[in-house]
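There are 6 protein chains.
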Amino acid sequence: MPVVVQNISRAELEVVNGFVGIGVATVHEAQGRTGLMASHMRPIWPRARVAGTAVTVELPPGDNWMIHVAAEQCQEGDILVAAPTSPCDTGYFGELLATSLASRGVRGLVIEAGCRDVAELAEMKFPVWSKAVSAQGTVKETVANVNVPLICAGALVHPGDVIVADDDGVVVVPRKKAEEVLQKSKDREAKEEKTRARLKAGELGLDIYGFRDKLKAKGLTWTDD
Amino acid sequence: MPVVVQNISRAELEVVNGFVGIGVATVHEAQGRTGLMASHMRPIWPRARVAGTAVTVELPPGDNWMIHVAAEQCQEGDILVAAPTSPCDTGYFGELLATSLASRGVRGLVIEAGCRDVAELAEMKFPVWSKAVSAQGTVKETVANVNVPLICAGALVHPGDVIVADDDGVVVVPRKKAEEVLQKSKDREAKEEKTRARLKAGELGLDIYGFRDKLKAKGLTWTDD
Amino acid sequence: MPVVVQNISRAELEVVNGFVGIGVATVHEAQGRTGLMASHMRPIWPRARVAGTAVTVELPPGDNWMIHVAAEQCQEGDILVAAPTSPCDTGYFGELLATSLASRGVRGLVIEAGCRDVAELAEMKFPVWSKAVSAQGTVKETVANVNVPLICAGALVHPGDVIVADDDGVVVVPRKKAEEVLQKSKDREAKEEKTRARLKAGELGLDIYGFRDKLKAKGLTWTDD
Amino acid sequence: MPVVVQNISRAELEVVNGFVGIGVATVHEAQGRTGLMASHMRPIWPRARVAGTAVTVELPPGDNWMIHVAAEQCQEGDILVAAPTSPCDTGYFGELLATSLASRGVRGLVIEAGCRDVAELAEMKFPVWSKAVSAQGTVKETVANVNVPLICAGALVHPGDVIVADDDGVVVVPRKKAEEVLQKSKDREAKEEKTRARLKAGELGLDIYGFRDKLKAKGLTWTDD
Amino acid sequence: MPVVVQNISRAELEVVNGFVGIGVATVHEAQGRTGLMASHMRPIWPRARVAGTAVTVELPPGDNWMIHVAAEQCQEGDILVAAPTSPCDTGYFGELLATSLASRGVRGLVIEAGCRDVAELAEMKFPVWSKAVSAQGTVKETVANVNVPLICAGALVHPGDVIVADDDGVVVVPRKKAEEVLQKSKDREAKEEKTRARLKAGELGLDIYGFRDKLKAKGLTWTDD
Amino acid sequence: MPVVVQNISRAELEVVNGFVGIGVATVHEAQGRTGLMASHMRPIWPRARVAGTAVTVELPPGDNWMIHVAAEQCQEGDILVAAPTSPCDTGYFGELLATSLASRGVRGLVIEAGCRDVAELAEMKFPVWSKAVSAQGTVKETVANVNVPLICAGALVHPGDVIVADDDGVVVVPRKKAEEVLQKSKDREAKEEKTRARLKAGELGLDIYGFRDKLKAKGLTWTDD
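Residue numbers (the working numbering), protein chains in the order written: chain A, 17 to 241; chain B, 17 to 241; chain C, 17 to 241; chain D, 17 to 241; chain E, 17 to 241; chain F, 17 to 241.
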């Protein structure tokens, strides 16, 4: 029977907030290239960038009832992560639900399905990553789970995990690894800052990373036209 | 034999204009969730929002001749609705045709195919909803029907019907139902305004809509982590 | 064995620069509707518009090593054209590589695969046309060819060819035809300017192009509703 | 409110049976290239070939309740035509429902969604044209219309229309045109039989259809390598 | 660092063999509609039907080295489950690898990527469920994990889980639930056998399941044409 | 202006016939993994397997006129390779055209578009590799090139090249390399025959290819569960 799990353990908000401003690609690299959602998850307006803690909700196809149930489980700093139990692009979410979530301090929605009221959501600055935009409405007939682990766009999400999302997509950081991954992300950013300066000055990656010998060893040759 | 139907009956412009500013999702709901085009119909520039009367045109694949024919049938307040007779993403429409349509007071184009000159169309503020963007050119060889009922992106469109389009997609309102649907759309907006205020104040949909008992009756249970 | 071809012949930069500001659709028409890449090649930020000379690079799936190799072959005015040897949407390219390319005067990237760091690339104004956006990282293990002819998004590209790209997509102009195609593109623009003025004034394409008789000869008839 | 229309008018079974064995492509041509469903409608087992009268049913996403309702409206010679109200590939139909339909003389199913129990349906020789194969189950919660006109895979279907389906796809023949289209289909087959014999004997379409002059007039030229 | 986990715990072969001949749809229902892979996983030849224990392998894009590593971990009764770390349709698997796996008693392959040598595999009766067929070859450069939990086509697979696959797709049964799910599957089959007999005799699902009152309560009405 | 090139140079038929029975994957490997068409090119009936010389034809979207023109250029041993100038899935080809081509000794069709009359073509044993099956008809209005180099499904094809196709897809062998590639394909087959015997006997690829040390050097480790 479907269940709503209350009082989930969340990654610490201080750690979560550390991810704000760090790119999804950096986080994905920092945790060993894991946790990335499929590339069909796109922001509905450009330049959105958030980090928050996952509240998860399963959605029966064409039925958004459980989003209302999940809303009650959301608190400041959360991101709602919604996955249909069967692929469906219906418009499960619009500006009324966003108003409700925003009033609770929810930072955004990640939904492997459709979203509507895009213009209003952009104006509200409520960020959504979705698989589709669709005005198609939903019913409220079937119950499903809230705050159980689920797979969204090919990534496993546990309630309370950290979600980081930007123009590049969405990545999931397991709750217990959040602090470690944050540190590694920052280390990576620091290292990239140095590389960036050298590249900007005209040095080549070939030289910075010492690739020339390895390339030759692999059989690459240079010739003139 | 292909035919161009002239002097079609159109929804009254005063009614049509009432739809400007009302969202596609609202109109779709107000008319019982009918008339929505498929979600692959996307605006070529964000925040476009129009309502107008349909002039319909069938397009042979890779052939945009009939758009020129349809242009003559267009008048102030119209939206051209174009559907290829066989799926094809060629760029049937660009800024020259938009200039022609705009000079006649046409408010936009809905085409289940490709569009080109996107930068110029965005600068002109000529809105287009299309299935693809493609620079690929077309020929002018084959005739087809203008102002006959057709299916565009899965929706049945009769000439003179109301077309409403925004970031969420495109919806068709049958001409004879336009006034009724407009009223229902406005009623819906008024009702949503009240709900929005309550949600913004932190009330939950669960309570506003009285969902709790129904959820329990369906077997949903709440538990702690 | 894979080879890096150096000192390729490029279209003259003066000619190449003539293409800046001319639309992809115009160039495609001017050269007889050839050389257009598939419509899944989309700009990662709107209104980007470039012309440059092609440096080509083959990419093994999920492996961006050769982009570093290709960078060394790039010079002022170039556009890097990258095609995976097997379809793959991995994020081969981000802002570090863009910094490197930009420092060498490279004008953009055309890649039939994934790109990441979209927000940063948009801020840098480094234009990219890609098939996907993906934060997924790559390895550096396998060598492949640089500056050999390749097929990118269905178009044949020789090193040194002219690449023109805008919101409508990407078109390839063979190096030896660049001057001729530029002239024809300008002629076409001039001609369109005149047509545009007539259309804006309300004349119909039907009359400007003299279509009426041909349409009737094909069997098209006009009727009243 | 949703309605089940009973006692619909059907095309005459004698006429319908005349379509058995005539190809979908032939019927589509014979009625002026109209009524064809989208090419994503594929048979779940090869060489199935049927003609029957349409009973139509709307399906809420992920909900197959109405198929049970529609079953009661079916009789000898019918084909059930099912379209979800929002795109959804769930497996709405399997061998139990097929057993029920077959017991009533239903000849097949056309569904723009998912089907399951493919092996069993193939063994039963119950033909299905669907958009997907999926084992995913459905709920029984939401009511919808039976025997109202609907759009299935881009084609408008009225209850009682003739449905013809084979390896090439599915075509709809309006009930009132069935007799005329059948005659034209047979005429076309007779004509093609003659052409086939000439082509088999080595004559060229160029000569049989007299294309050479027209091709030259269009500017085609022949040259040696 | 990547790891190969040896000596995994597997579901008991006796239980696993009980699933042979039970349909994927039945198993999916019996375990509460969980564990189903996405519907793009299709058998490369029809009527294949297997049950076995999962050995899991991650595949870098375009690199099939780890299949060789995984082969050593396979034993009688296993099914190899392979997922690329980044979406890629390359042909990772052909008849040589199948020969190797078959010699170890492996019952089939489930791969969310491409497969080749389809004709040979069909002749060998080696079953494969894949996302694509592609002759494109792979490299052997990058290591990855074997026998760790992974997500394949949207389903979470642990090493040793039961995999059941047929024409309808692929379902995963968690190792520890295998016996329970098998029993429920058989119960379901027994129950369906009775329903099937009634449906075959012409009884309607409407009556067998007692739907009429519920449908009326939902507002469904019956009317004559 | 469009041109029909006559009397093209073809690969020698004796060499071409040597490819019959050699798999597409083998040929693709033997020529350095080049020349493979995209994996969306699928046979319309299973187990078809051909080799022949390419006659190439460009197709305007929705227009199959040039297939008739190309037919005259075909001779014993040819395979017709057809690519639309703009993506289009219309059914350009059916059994009448197949009858014509077969009467001239043509061995099959490769078309990056739609095909119809699938049942009839399967019965005739006329093999077709296509991107889609569609009953949708075409017009005969626009001329295009025959026997010029073209890109079909991402592969460059010159008239007279060798085409090899089977269940795995389609590969192009340049005319001048045909003999060399045939020899390499046979060498590869001979080598694989030996490997197959060892794999069948239970030896592992890990040992046959000596992978163990390289895997360890890359950091792969083995552990117990």
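Heads up, some of the hints might be wrong.
Note: identical chains are not told apart, hence a pair may lie in one copy or across any two.
[As the list claims (entries may be wrong)] Taking lysine to any residue pairs in the SDA-like style, the calculated list, with each CA pair at most 25 Å apart, reads: (1) 232 x 157; (2) 192 x 240; (3) 232 x 91; (4) 156 x 74; (5) 216 x 37; (6) 141 x 37; (7) 232 x 58; (8) 156 x 34; (9) 156 x 65; (10) 234 x 93; (11) 216 x 23.
Keep in mind the hints are simulated off the structure, nothing from the lab.
Quick caveat: nothing in here was measured; it's all calculated off a predicted structure.
Here is what the structure says about each hint:
1. Proximity of residue 232 and residue 157 under a CA criterion of 25 Å is satisfied inter-copy only: 12 Å between copies versus 63 Å inside one chain copy.
2. Proximity of residue 192 to residue 240 under the C-alpha cut-off of 25 Å is restricted to the inter-copy arrangement: shortest distance 20 Å between copies versus 54 Å within a copy.
3. In this assembly of identical chains, residue 232 and residue 91 lie within 25 Å of each other by CA distance solely across copies; the values are 23 Å between and 56 Å within a copy.
4. With identical chains, the CA atoms of residue 156 and residue 74 are at most 25 Å apart both within one copy (13 Å) and between copies (18 Å).
5. Taking the shortest alpha-carbon separations for residue 216 and residue 37, only the intra-copy value of 22 Å comes in at or below 25 Å, while the best inter-copy value is 27 Å.
6. In the homo-oligomer, the alpha carbons of residue 141 and residue 37 lie at most 25 Å apart both inside one protomer (16 Å) and across protomers (19 Å), since each shortest distance falls under that limit.
7. Taking the shortest Cα distances, residue 232 and residue 58 never come within 25 Å of each other, neither inside one copy (40 Å) nor across copies (35 Å).
8. With identical chains, the CA atoms of residue 156 and residue 34 are never at most 25 Å apart, being 37 Å at best within one copy and 30 Å at best between copies.
9. Taking the shortest alpha-carbon separations for residue 156 and residue 65, neither the intra-copy value of 31 Å nor the inter-copy value of 29 Å comes in at or below 25 Å.
10. Taking the closest pair of Cα atoms, residue 234 and residue 93 never come within 25 Å of each other, the shortest separation being 49 Å inside a single copy and 30 Å across copies.
11. In this assembly of identical chains, the alpha carbons of residue 216 and residue 23 lie at most 25 Å apart only when taken from different copies (23 Å versus 48 Å within one copy).
In the structure shown, a violation is registered for the earlier hints numbered 7, 8, 9, 10, in ascending order.
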